[in-house]
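Given the sequences, and given the hints that come with them, work out the whole structure.
Protein chains: 2
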Amino acid sequence: MKNLASYVFGEWVEGKGGPATRGNPTTEEPLAQASTEGVDMKKALDFARDVGGPALRAMSFRERGGLLRKLSRTIYTARDELMTLGVQNAGNTRSDAKFDVDGASATLAAYADIAENELGDAKFLVDADPINIGRSSKLTGQHLFLPLEGVAVHINAFNFPAWGLAEKAAVALLAGMPVISKPATSTALMAFRLMQLIVEQEILPKGALSFLAGSTGDLLSHLRGQDVLAFTGSSDTAAQLRALPNVVRDSVRVNVEADSLNAAILGPDASSGETYDLFVKDVVRDITQKAGQKCTAIRRVFVPKDRVGDLRDLLVERLRATKIGDPSREEVNMGPVATKKQRDDALTGIDRLVRTGAKAVTGGKAPAQTIGVEAGKGFFVDATLLEVESPDAVADVHAIEVFGPCTTLVPYDSSAALVRAVRRGDGGLVASLYSDDKSFTREVVLGIASSHGRLVLGSEKAAASAVPPGTVLPSLVHGGPGRAGGGEELGGTRGMRLYLQRTAIQGYGPVVAALVAEGKKV
Amino acid sequence: MKNLASYVFGEWVEGKGGPATRGNPTTEEPLAQASTEGVDMKKALDFARDVGGPALRAMSFRERGGLLRKLSRTIYTARDELMTLGVQNAGNTRSDAKFDVDGASATLAAYADIAENELGDAKFLVDADPINIGRSSKLTGQHLFLPLEGVAVHINAFNFPAWGLAEKAAVALLAGMPVISKPATSTALMAFRLMQLIVEQEILPKGALSFLAGSTGDLLSHLRGQDVLAFTGSSDTAAQLRALPNVVRDSVRVNVEADSLNAAILGPDASSGETYDLFVKDVVRDITQKAGQKCTAIRRVFVPKDRVGDLRDLLVERLRATKIGDPSREEVNMGPVATKKQRDDALTGIDRLVRTGAKAVTGGKAPAQTIGVEAGKGFFVDATLLEVESPDAVADVHAIEVFGPCTTLVPYDSSAALVRAVRRGDGGLVASLYSDDKSFTREVVLGIASSHGRLVLGSEKAAASAVPPGTVLPSLVHGGPGRAGGGEELGGTRGMRLYLQRTAIQGYGPVVAALVAEGKKV
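Respectively, the protein sequence lines represent chains A and B.
So for the first sequence, my numbering puts the first residue at 1; every next one is plus one.
So for the second sequence, my numbering puts the first residue at 1001; every next one is plus one.
The hints are simulated quantities; they were obtained by calculation from the structure and are not laboratory data.
Treat the hints loosely; a few may be bogus.
To be clear about the criterion: a stretch of chain B counts as covered by chain A if any three or more of its residues have a C-beta under 8 angstroms from a C-beta of chain A, and this derived list gives those stretches [as the list claims (entries may be wrong)]: (1) 1082-1091; (2) 1129-1140; (3) 1146-1153; (4) 1438-1452; (5) 1455-1464; (6) 1476-1486.
Computed cross-link-like contacts, SDA-like style, restricted to lysine to any residue with a CA-CA straight-line distance of at most 20 angstroms [said to hold, decoys possible]: (7) B/Lys-1365 <-> B/Ile-1400; (8) A/Lys-520 <-> B/Asp-1127; (9) B/Lys-1042 <-> A/Arg-424; (10) B/Lys-1138 <-> A/Ala-463.
Examples of chain A residues lying across from chain B (beta carbon under 7 angstroms, computed) [as the list claims (entries may be wrong)]: (11) Gly-141; (12) Ile-203; (13) Asp-426.
A virtual CB, placed ideally from N, CA and C, is assigned to each residue, including glycine.
The following block contains the structure:
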């Protein structure tokens, strides 16, 4: 069995002691093992801070962008190999794995483009124009953004091992901060292979990117005020990280992407036609793609009361046609969820919703048949549609995120009630709205925007070229308030601010101007 | 004795039970008492959320700015009365109190100007230009900023009862969020009177501004994901607030301004002349103004090794000339600190620094004489200058903030050593640099910026019109990383982001454009 090592202080280091095993969720066969026990985490941080940080800060944005371009190409060149690891280790279909791997290279390339086209030869950013201060015209103030002189620690989720590593690293490295990246234990094979390629090809300066295959050990207890912690995963883990004594005491910046009951809303006007078809396509995709394991997947489907019947029938038909089984087979369009625990959690969540009043329209348990899989093996959950009678019928529909192939139909009878119901999710990553009615769209957007990080408007004129809500774009922010973690990633240069300190500089105009002239205004 | 009530759910409410007493720190006489015991905090929050929030969100920026203009005028009109309360209750000289009270009206006026001149009739903000997304030119994305639909809870420090309330409220109200403001218990008289005037004059819509005279009780346990908590005070209290279970779980936004070992740096070139004089004036002011109780006050004075002797003599001369005593007397230029606890903490901090190796050059205990004060009465601390041999001689000089009339001379011998030493403060609100050497200025600014929220450059050409580092300007951000709390206030529209959710909107270009057209681009 393969041993996954960690790459820290410029070396590959294998941990001691009882290693965690990563398996194939389709066959339940073990694939690899790894441990970080005994790895000197303090030394790993110091090396990143003292060697990686200065190297990155000495580079211009263009130069840092050049590194991202190389990383992007490395991933693109190895995409077949990486996708295969996703199929084996994460239960991905080839198309699921492509979404992850190509998303990784595309995001790196997008940030390489930003470096080249927008930021150029500067080493830091400037925030807007000079401001006159005081009573004299001699004094001005202006704001700079300089990289923090610590380490960006990235803790990624199991569902996007390639994209998770790449999107966080792209932003931090471009900002000028060294990264220590930790993939989720269960699906680490792809991220490990990616890191091997990066190290072999000597793409990055020493200390710029480190990698932990396994637990973070005591790493997080060594974080200080110039470090950053970015986490994607469950609210429970996020809460633990946020309350770490040193994180609280030293105001360590923590960015969280967590749970989200993403809504898809069908407008009252869209009962057929392209807008309706787009809506159905997006809902079905989000149930089945990656077996529903996307933080952006639609969990609540809001439908005008009188449209529920037709839609239910259509969704049942589509979901029952899903071919579930061994994701390495071409005819299969949904694999297992990533681990036994994920399967158990998803089924428990579905049970909970059903026990509190939701109706299981289709699915709700392990599938009756799986293609090409030994009977009883694999962590499969059937494509599941639940339904509730009204937005207020089952409170948990707005609170429990079933992280698997499951969504819930929620009828609504007025736009005001709809806005209230969507907001009951208490903060989400994304909501999508399918309507060609401008007044309805306006009311809903202004009503729900402040509880979301992103809203996707599906309409007839753009249906053919629509980008689904589950696709996170590097140019738009990703994150949401409240339950979704309160974080913000990506969004072009916006995401870089997590790694930059904004500093007001005030003084004699020409002196401030001379300093600011070295930076790039954004 | 006066009873201070709380203003919640549109009513003045007096608490039950053992009230805390506010006194005069010069005479130690009690002035007033207050308690929030029995006040229904949940009801206070709900009223602000359900009544104040919708009222503010229905107004344009211009209309909200109109409210701020009225608040500013109310304070300005009552400034004499408010200043007298500062003298009585906070130990302020009239000049100290003026700094607080006029700072309050000026900050409100500055935000009223922003509303009128920059934001106008819109109700929300738009972040930058549309972005093309996807492969078709039909799709665009753009970011909006909408007010969170919760309550902004403001917990202010004892040292700026008027400015603290006003600067936080100005930004939140303009953003469109209702406020519950809690002044520090010890110096609440001025804030209470201010609130009385605001209520009497019926300036604000119901629920827009509430006021707690006393403890927050269980208020903070009711905060949810759309609420905001902004705190100014000690790191210890900040750490408790940040780790509150509901704050952590619901990703409640917390903004903190906490401890800061602000540095003033004399450049090697500035051994005399206007730049040098400005430096000396700023250092002396920050020791004596408000008896050193400014979060922005200079705590560490970095001086080229060979300049320490002359500077020490000059500072000793100035500090010994300080007239300490009853701040209501015109000849007195430094009053007591605000409370017995503050006096004890300041003296304990000085002792600690002296015990670990700092030398008390002058002061260091209660003053030998106080003008117009009964012997043994009043919470006085002498104007104190400490000195260490080198930046590394006494670690606590970079860690212990003596919140009183005290600063420490720290010699340095190279700009690289200087940058390292300044950064040992682990994150500060402001640092000031006095030099006319461009290359030195550049090196130090780029070296220390990422550990500061603001840098003030003092130089010959702007010396006559200089704004001291201790003055927080509404147009520049106030806050700092690490020890300083990691927060950001003010800075024009920048500070409003704490109260706004950034949401990406993506869809068919003209649909997105129509929505965005209602907002004001910043």
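Just pull the numbers of the violated hints for me, sorted ascending. Failing hints, ascending: 1, 12.
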